[in-house]
Amino acid sequence: MIDKTWPSAADAVADIPDGASLAVGGFGLSGNPIALIEALLAQGTHDLSVVSNNCGVDDWGLGILLGAGRIRKMTSSYVGENKEFERQFLTGELELELTPQGTLAEKLRAGGAGIAAFYTQTGVGTQVAEGGLPRRYDGAGGIAVASPAKDVRSFDVRGEPRDFVLEEAIITDFALVHAWKGDRHGNLVFRKAARSFNPLAAMAGRTCIVQVEHLVEPGEIDPDAVHLPGVFVHRLVEVGDVEKRIEKRTVSGGAR
526 MIDKTWPSAA
536 DAVADIPDGA
546 SLAVGGFGLS
556 GNPIALIEAL
566 LAQGTHDLSV
576 VSNNCGVDDW
586 GLGILLGAGR
596 IRKMTSSYVG
606 ENKEFERQFL
616 TGELELELTP
626 QGTLAEKLRA
636 GGAGIAAFYT
646 QTGVGTQVAE
656 GGLPRRYDGA
666 GGIAVASPAK
676 DVRSFDVRGE
686 PRDFVLEEAI
696 ITDFALVHAW
706 KGDRHGNLVF
716 RKAARSFNPL
726 AAMAGRTCIV
736 QVEHLVEPGE
746 IDPDAVHLPG
756 VFVHRLVEVG
766 DVEKRIEKRT
776 VSGGAR
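First residue of the sequence shown: 526, per the working numbering; consecutive thereafter.
Check the hints yourself; a few may be wrong.
To be verified - With a straight-line cut-off of 20 Å between C-alpha atoms, the simulated PhoX-like cross-links for lysine-lysine are:
id	residue 1	residue 2
1	K717	K773
2	K717	K608
3	K608	K598
4	K769	K717
5	K706	K769
6	K706	K529
7	K717	K706
Claimed, not checked - Pair ranges (Cβ atoms, derived):
id	residue 1	residue 2	range
8	A671	A718	27 to 37 Å
9	D528	I668	48 to 58 Å
10	D536	D747	27 to 37 Å
11	L691	V741	35 to 45 Å
12	D681	D747	42 to 52 Å
Keep in mind the hints are simulated off the structure, nothing from the lab.
Positions of the beta carbon are idealized from the N, C-alpha and C atoms, including for glycine.
Let the sequences and hints guide you as you build the complete structure.
Structure, rendered in structure tokens:
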């Protein structure tokens, strides 16, 4: 039997070096692998290049690594809930590769599927394709690093020529992932919004490290219920029930 369980989050992330690239699961604050992030924070790893849907908030998720100055570059599709992110980006401390959300998801999936690149209509006619998006500011309001132009080609779609932009796949050194349930072989089940980017991040990492709330024995998960097969998973840590944050709590008004 291939038992992929590790004794602790600290042990599982111990060999992540300074300067590593990470694909990190989560959608907003849903499905953040917070135990693995906290373990990475505690061990002092820095100069990280992180690919994730977002960067958490100031005191949660990837925001705690950002606040400690551990992240050099973020590749994200949404960055609007973190004031420290805004400060670091505008002062030139942080590099940002802003990517359309569907494109980011497909770039991760393609990396895990062995697809080097793909063409998409998303971003055609914008700075995503034409280049010039600020990636790093110089701290004085100028742009130190801008995004490059990408290859655009025309393809016939249902008898009509349309332009498509070339997007390269993403492969990272490590992936940090949260799952609701997993067995010792690494087969995973995700819940609700946590299923969005976690499986994709897992696929893109050369070494995939997963925290699971519930660890079960092989065979206890119906094969038809597996969301991500264990072939993508290398390390598994049981963390039990973890705190689940809500980005913005809203209430609806009742009938007047």
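Structure-based check of all given hints:
The hinted pair formed by K717 and K773 meets the criterion: a straight-line CA distance of about 17 Å does not exceed 20 Å. At most 20 Å may separate the alpha-carbon atoms for a hinted pair to count; K717 and K608 exceed this at roughly 27 Å. Distance hint between K608 and K598 is fulfilled; the C-alpha atoms sit about 16 Å from each other, no more than 20 Å. For the suggested pair K769 and K717, the alpha carbons sit about 13 Å apart, so the restraint of at most 20 Å is met.
For the hint linking K706 to K769, the alpha-carbon distance of about 16 Å falls within 20 Å, and the restraint holds. Proposed proximity of K706 and K529 is supported: the alpha carbons are some 14 Å apart, at most 20 Å. About 13 Å separates the Cα atoms of K717 and K706, which keeps this hinted pair within 20 Å; it holds. Between A671 and A718, the C-beta spacing of about 33 Å keeps the proposed range 27 to 37 Å intact.
For D528 paired with I668, a C-beta distance near 50 Å keeps the hint of 48 to 58 Å intact. A beta carbon spacing of about 30 Å between D536 and D747 agrees with the range 27 to 37 Å that was offered as a hint. Between L691 and V741 the C-beta distance comes to about 42 Å, which sits within the given range of 35 to 45 Å. Distance hint check for D681 and D747: the Cβ-Cβ separation is about 43 Å, which falls inside the suggested range of 42 to 52 Å.
Checked against the numbered hints given earlier, this structure breaks only hint 2.
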